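Chemist: Each chain, written out:
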Amino acid sequence: MKKERIDKKFGMVIDLDACTGCGSCMVACMAENNVPFKKDETNKLDSITWMRVYKLTNKKPFPETEICYLPRPCMHCEGQHSGHSPCVSVCPATATDYDMDTGIVSQIYTRCFGCRYCMAACPYHARYFNWWDPVWPDGMEKSLSPNVSPRMRGIVEKCSFCFHRYQLALDKAYVKGRRELKEHEYQTSCTQACPSGAITFGDLNNPDHQVHRLVKPDNRHHGRPTAKNAFRLLERLGTNPKVYYLSSKEWVRRAGDNYLDNEETGKPLNLMKELQPEPH
Amino acid sequence: MDSALIPKGVKRCSLPVFIAGLTPVVLVLLWGVYAMLLCWLKGLNQTNMNDSYGFALWIWADLAVIAIGGGAFFSGLLKYIFGKDELKNIINYAVLIGFICYSSALLILAIDVGQPLRSWFIFWHANVHSMLTEVAFCLSCYFAVLTIEYIPLILENRKLDEIPLIHNISHNMHGIMAVFAATGAFLSCFHQGSLGGVAGVLYGRPYVFREHILVWPWTFFLFTWSAAAFGPCFTILITKITEGITGKKLVKDNVISLLAKISGWMIFTYIIAKIIDTFYWATVTAPELGFVWSDFFTGDRSSVLFHGYWLLFAEIVLCGIIPGLILISKKHRENKTLLLTAVTLGTIGVCLNRWTMVMQPMAMPVMTFDSWNLYIPSWQEVATTILPVAYGIILIAISFRYLPIFPQEVELNPIKE
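Chains as they are written, first to last, in the numbering used here: chain A, 1 to 280; chain B, 1 to 417.
I should point out that these hints are in silico values taken from the structure, not numbers from a laboratory.
Treat each hint with caution, since some may be false.
Claimed, not checked - The calculated BS3-like cross-link candidates involving lysine-lysine, where the alpha carbons are at most 27 Å apart (straight line), are:
(1) B/Lys42 x A/Lys142
(2) B/Lys88 x B/Lys8
(3) A/Lys176 x A/Lys142
(4) B/Lys416 x B/Lys331
(5) B/Lys331 x B/Lys159
(6) B/Lys416 x B/Lys252
(7) B/Lys331 x A/Lys39
(8) A/Lys176 x A/Lys55
(9) A/Lys249 x A/Lys60
(10) B/Lys42 x A/Lys44
(11) A/Lys176 x A/Lys228
(12) A/Lys38 x B/Lys42
Here the structure is a predicted model, which means the values were calculated and not measured.
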């Protein structure tokens, strides 16, 4: 039977020209998702930051120095065929899953047994291990979100694109007799918290959604962006992420991937080979 | 005191001397057990692993002990399937070493996972596309096979053998051992390979990602090949160490020479395959992903110290080509010093290979704005990694004292009245 409905592919577009690096997205994400923290957060290598803002520089001396802040959530990779994300394909206990209806990579906390193979597989460092049990300051446990379960020691967690918000929005829509959500009804907390409006979230498969218009994903080539100034992190690895970036600066776009010296930004040789039409 | 348990025709030290000799090893074992309990009770915050270095010393130790324990399946294959009958004189020891290596690997895995009580999820909620699932299934099954291979050896203890039922069970188990050896070889090929696949399928990590043949990356075949090649080196090395400690010759030279020769040719051919793999990776795979070869070995000063070109040279030339060349030459492998050098280098070589396949991809940045990571294990990680070594020494000592591990020992060491 032919499927009538087109699957959704939720994704994010982050305008790096607009991002000021304020960190509001990180704070909003932690509060929304009950992300645990330590008393001393000096060591960032064992801190949990589902959304992490990186600071990039063009490595040029003053006065030509330029910087750029790059927020990095989970990329919710699709891989070269549906669901073959770097992490999902390796998890031995099916504790992380690729949702074909939404394109969201989930983490099943009660099934993860903490082997950390998914962390080894993820080139974006988007996955975090709970080295400790969460400890909340006195009284803070009362302000935790009831919609997101806190995680215990010994398991992996990561950005879920605030999937609980999707479920709540769907519930509301169902009550109103609708089966489809409007664009504004499902937005991630980082998107709403960003004061400069640098983050846009929506369905990449829906031409009416802003994310689609911003990057014009080419679904014949694994969602590769066709809009000017749009790029994805580590595009040529074939992870096929659903987080896109916009930057007017060439050095920023080049920092998004690894290039050989003789390659043009955005046009690496291996991807150009793929784009050539098949011979008759 | 325990003379009734000691095999006939061999001489062993007195029990107090034996216990005194083992005491320091037991203390090390207890230190490891303490660290293990800390990890289980307090969690993996006892380690120096972090979110960038999720795989570290323990995973390396796992891969390394399984590789050097490969002598068990390969010797079994040679004896029972290819009919190299001389190897019956070392097969018991190869099985014992394999048993120790595989039980150690399972123990380390049990410490390494964040929620050990959920370990069974890997079987219950198995993701059949994951190489780690294949590892878990084959590893468990092969450990069961090794246990079955070790049991008849225990039943051959002098006192146990006096019981007719046990004697008959032991005798009949020996009779069907070829079936288990074949099963073991089959399972081993897959789990050694899937351990290579664990790294090779990581397409987000260009240092270890390799092209595929059907569903298996190149590393699948290289890991099986290297375990078969270098595993016998470790079996010979431990045999020589045992001979040194006991002051006895335990296995005839022709047996060692045969195993060394086969190991030598396996190493030689493996190294050719490894060089081809490295060349293809450096000139085709890496550039397609936007990397030049030097990106993998050059970072800041400290990363070069830990992850520089020297690792590749040590693995392929010093601990690969050299032991291979020594062992394939009859003249050289019959020289005791050269033989010992070759098997030691070979053992280090395969461990180095596993080291680079685990540590290097964790240390190396993939995003251009990321940096190299360095990792120094905590004492708890070191203690729990040494724990299996202490356990292995104790099990070998007890087995050597009470079981007829070496069939040629009586002949080579006649007791003078």
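Chemist: State for each hint whether it applies.
Modeler: Hint by hint, here is what the structure shows:
Distance restraint check for B/Lys42 and A/Lys142: the Cα-Cα separation of roughly 26 Å lies within the 27 Å cut-off, and the hinted pair is therefore satisfied. A C-alpha spacing of about 19 Å is found between B/Lys88 and B/Lys8, which places the hinted pair at or below 27 Å, so the restraint holds. This hinted pair does not check out: A/Lys176 and A/Lys142 have alpha carbons roughly 31 Å apart, beyond 27 Å. Proposed proximity of B/Lys416 and B/Lys331 is contradicted: the alpha carbons are some 34 Å apart, above 27 Å.
At roughly 43 Å between alpha-carbon atoms, B/Lys331 and B/Lys159 are farther apart than 27 Å, so this suggested pair is violated. For a cut-off of 27 Å, the pair hint linking B/Lys416 to B/Lys252 stands: about 20 Å separates their Cα positions. Only pairs whose Cα atoms come within 27 Å are accepted, and B/Lys331 paired with A/Lys39 is rejected, the gap being roughly 65 Å. With a C-alpha separation of about 44 Å, the suggested pair A/Lys176 and A/Lys55 falls outside the 27 Å cut-off, and the hint is violated.
A threshold of 27 Å between alpha carbons decides the hint, and for A/Lys249 with A/Lys60 the separation of about 14 Å falls inside it, so the pair holds. The suggested pairing of B/Lys42 with A/Lys44 holds, with an alpha-carbon distance near 21 Å, which does not exceed 27 Å. With a CA separation close to 39 Å, the supplied pair A/Lys176 and A/Lys228 exceeds the 27 Å bound. A hinted pair counts as satisfied when its Cα atoms are at most 27 Å apart, and A/Lys38 with B/Lys42 qualifies at roughly 16 Å.
When each numbered hint is compared with the structure, violations occur for hints 3, 4, 5, 7, 8, 11.
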